[in-house]
Amino acid sequence: MILQLKNIFKWVQQGGQRVFLLKDINLEVAEGEFISIMGPSGSGKSTLLNVIGMLDDFNEGEYNFLNESVHTLKEKHRANLYKQYIGFVFQAYHLIDELTVYENLEMPLLYKKHSGSERKAMVADMLDRFNIVGKKDLFPAQLSGGQQQLVGVARALIAKPKLILADEPTGNLNSKQGQEIMALFKELNKEGVTIIQVTHSEKNAEYGKRIIHLLDGRQLKHAG
Amino acid sequence: MLKNYFKIAWRNILKNRGLFSINIIGLSLGIASCLVITLYVADELSFDRYHEKANDIVRVVFKAKVNGEDIKEAVVMAPVAQAFQQEFPEILAATRLRNGGSPKITYNTATFRNGRFAYVDPNFFKVFTLPIIEGNKISPLEEPNTIVLTQEEAKKYFGNENPIGKILDFKDQGERFRVTAIMENIPQNSHFHFDMLASMVGNEEAKNASWMESGFFTYLLLKNDYNYKNLEVKLPAITEKYMGPQIKEAMGISFDEFTKSNKIGLLLQPLTDIHLKSDFSDNSTLEPGGDIKSVYIFWAIALFMLLIACINFVNLSTAAATKRMKEVGIRKVLGSNVQQLISQFLMESFIASVFAMLFAIVIVILILPLFNDLSGKELHLANLYAPEVFLGLLLLVFLITFLAGGYPAFYLSSFKPVAILKNKFVGSKGGKGIRNGLVVFQFVISAGLILTTLIVDQQIRYIQNKDLGYNKEQILVLRDADLLGLSQESFKNQIVSDPRVALVSNSGFLPAGASNNSMSGILINDKSPRRMVVYDIDDEYIPTLDMKILKGRNFSKEYGSDSLNVILNETAAKILGLGEDPIDKIIIRATDNQGSRQHLTVIGLVKDFHFRSLHQTIDPLIMLYQPNGGFIVKAKSADMAALIERISRIWNSYGIDEPFDYSLLDESYNKTYLVEQKMGTILRIFALLTIFVACLGLFGLVTFTVQQRFKEIGVRKVLGSTVPQIVGMLTMDVLKLVMIAMAIAFSLGYYLMNKWLQDFAYRIDIVWWVFVVAAFITVFIAFVTISYRSIKAALVNPVESLRSE
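As given, the protein sequences belong to chains A and B, one line each in that order.
Counting from 0, one number per residue, gives the positions in the first sequence under numbering that gives the first Met the number 0.
Counting from 0, one number per residue, gives the positions in the second sequence under numbering that gives the first Met the number 0.
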């Protein structure tokens, strides 16, 4: 078991009233799973993903990640946790425009204090694996959307995380590029990486082994 | 990691080339201006500090109010030095200097005239640090008729010969001096620059025991670290002790009685204050000094300049940093902690400030010769090679780094990455408030400087165009003409016969520039003498200088002898209490201190004319018929070159070994206000620079605002807003700030400029339209700066700005 959410609530105060973003979410994720989170706009998909990723906090409930209870951890401790075990993939790729593909891939390693030669080997390995060696000196603006997302996924993977969180990874891509990325996810999952993705598309959701439906911050219980 | 920071910093710089250049140019201009002014100020403050004992040397000065006349003189009486040294053990040495002007000097057969000459006491070299490089190093002036020359001056007379033991002949004084030593040239930052110092031993005037006759610059060397104020309080008693008996003898009244209606006192002035804090009458000082007020003003400008530049830098850097929110977010998600982000941003602003600093030094190197021309100084970059300066610059780099990098570093890196990445972040209100505050501050300074420049300009123009009571145009002054001796009359006749000459007067007294000087006591109510300026003139003088006779008549040959007649100026008539019609009244002039009297009949009243600078009010003045001292020539046309050429040829035809020398009265007049003019010019230049830098900042800021509101502008256009409406919206935001700034600047400026004007006895009133003009200029500059960007933004097709979402 990688993580476990128990009765998670998250709300904001609006005009003296509580507006719930997440309501009583319970979720267990085992190692090697591939989960898709679905639901209409505003249903709380991204919020849930951010809570799982520890980028956002919650108001009530328990969150255990690899036997650490996240809700009791200090900010700094939490940050160390996600830095070490979680890789993020974004809808808008979020590559740094001023850095080349190579440098973008290298960046997470810089923050983890790997030696220069180690970094070189890891980046080279990743470029190889994603077939983007020829693009290593290009800047994000010189790549197509699909290629940028490829780099985004590569960057998420480079520090060998246990869990990949992907927030609509194909949202900005055309269908062919989208399929390629999803195929990549499926393959990664086969290799043992745990993946949680948020998606709008039924088709992409099918790549996952389990689908969670959200509506107005609430988990819809049904088979699956 | 460091490499990565550098890389990012460098690529950001390249990407924002425009903003970055604005930023660097502004900052380096600011630093450069500040450095140049610092050099200037440091030089002004360094005067006379090269003397090893500078801090222990004071000058004895004389301040008095006698019969209504304010007297402030840097010279005192001959016996003061000796008396003080006898009375006060805390005085280690007292030494005197007497200005000897530029006498004619003969060596072998050659004659020289331009050397600056003074008599000094033998111990002068023990008090002041004037290193002797050749000859008698211990006591060069112990014997009578010995002289010490500067290196440069010695070269003039002797070339490469050994100067020691050579004899210089001062024929006019009937003295011969033997060179005993050669000293180093006197540094530029000294309150005196003599080329020759002769021994005062044996000098008759130096032995004068009178406490009533002045003329000696007197310096005291005090015990180490002795507070001169402690000595100063003891001076009145000593003054009474020595001066009392002499006053009694000359005037028949006791010292107590004399000081009942008069004030008289000897005071002490530290050597290091002489250059900047002297307000003694011109004829009693050695060289025109500086002004502590202008030093303060320049300091203030330097500080403002630096402040504005730094504010710009901070403003633009923080504005640019908000564009990098996304990067901050990504970095945080990818594992950066806050410290790492902070050091990244600090690194970037550090690179930029080092850049600006280096660039500033290049600017200083390029600009220094120009500034030297303008300020009449000899400043060298080498003056900056001091540990304090390097430390200061280093501190400045770090300060700017932290100010400019600190905001983005600490502020941006504190945000939650989700908020940034999800674009939930809508700019900080606080950051905007600070930026607006800084813009206001910059424009307070800019608008203030515009106002100041306008008022200073007006005052200078007022001085130049003021009705002086005489006409200074087309006047040629030949003060050396008395060197012609008996040939003067024929020389004059030759000039008068030239068709280009209107009038020629024989007098050495001039209301501007170098002039003869003379004062006499005129008895008020037939009792106490009031000192008044005496002009020796002839019958052509008043028409030549176009002065106005209000009552009575000018001197004239038709009336026989005018030698016991006098013409007064209005102030003199008023002080003497001669009433409405002074003509034919008798005034009494004291011709010496021993009680000799001369009765003079008033024949004319001349309209007050300004014979001193406009800083001072007009003093009483009397004119006597005593033609002497050179010629004053009024030309008929403004083209004087040919006339000067002709007179020069006449001069040379007399075959005396004196070069032809002349001056133009209007030029001499303008030189009187050189300090104000220089200040005006420098002020104008730095005002322009400051405004330019402030505009750079504004331009950058508007660029940034427009970028931030790109989408808003698109939406507004789709909804039907016109181009002028959008430009107006963007402009009004900034103009509002400028208005606030002007309100502050103008009230401050009004107060400060009134203070400055107080220094002029004759000054302009600050009128309302100066504010209107200043406001117009400020708004115009601000408007031009922002409109380019605003219009460009308003003209963009909205599809482009909305598509990017």
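Calculated directly from the structure, the hints in this document are not laboratory data.
Hints are not guaranteed to be accurate.
List time: in silico DSS-like cross-link candidates among lysine-lysine, alpha-carbon distance up to 25 angstroms [to be verified]:
#1 A/Lys135 x B/Lys325
#2 B/Lys415 x A/Lys73
#3 B/Lys322 x B/Lys415
#4 B/Lys415 x B/Lys431
#5 B/Lys154 x A/Lys112
#6 A/Lys135 x B/Lys2
#7 B/Lys165 x B/Lys154
#8 A/Lys73 x A/Lys5
#9 B/Lys491 x B/Lys431
#10 B/Lys431 x A/Lys112
#11 B/Lys556 x A/Lys159
Derived contacts from chain B toward chain A, CB cut-off under 8 angstroms, selection only [as the list claims (entries may be wrong)]:
#12 Asn336
#13 Gln338
#14 Ala381
Simulated restraints on C-beta separations [unchecked claim]:
#15 B/Met0 x A/Ser68: 31 to 41 angstroms
#16 B/Arg16 x A/Lys111: 49 to 59 angstroms
#17 A/Ala140 x B/Ile743: 19 to 29 angstroms
We put the beta carbon where it would ideally sit given N, CA and C, even for glycine.
Here's how the hints hold up against the structure:
| no. | hint | in the structure |
| --- | --- | --- |
| 1 | A/Lys135 x B/Lys325 | holds, 22 angstroms |
| 2 | B/Lys415 x A/Lys73 | holds, 15 angstroms |
| 3 | B/Lys322 x B/Lys415 | holds, 16 angstroms |
| 4 | B/Lys415 x B/Lys431 | holds, 20 angstroms |
| 5 | B/Lys154 x A/Lys112 | violated, 73 angstroms |
| 6 | A/Lys135 x B/Lys2 | holds, 18 angstroms |
| 7 | B/Lys165 x B/Lys154 | holds, 13 angstroms |
| 8 | A/Lys73 x A/Lys5 | holds, 19 angstroms |
| 9 | B/Lys491 x B/Lys431 | violated, 77 angstroms |
| 10 | B/Lys431 x A/Lys112 | violated, 37 angstroms |
| 11 | B/Lys556 x A/Lys159 | violated, 116 angstroms |
| 12 | Asn336 | holds, 7 angstroms |
| 13 | Gln338 | violated, 11 angstroms |
| 14 | Ala381 | violated, 42 angstroms |
| 15 | B/Met0 x A/Ser68: 31 to 41 angstroms | holds, 32 angstroms |
| 16 | B/Arg16 x A/Lys111: 49 to 59 angstroms | violated, 33 angstroms |
| 17 | A/Ala140 x B/Ile743: 19 to 29 angstroms | violated, 45 angstroms |
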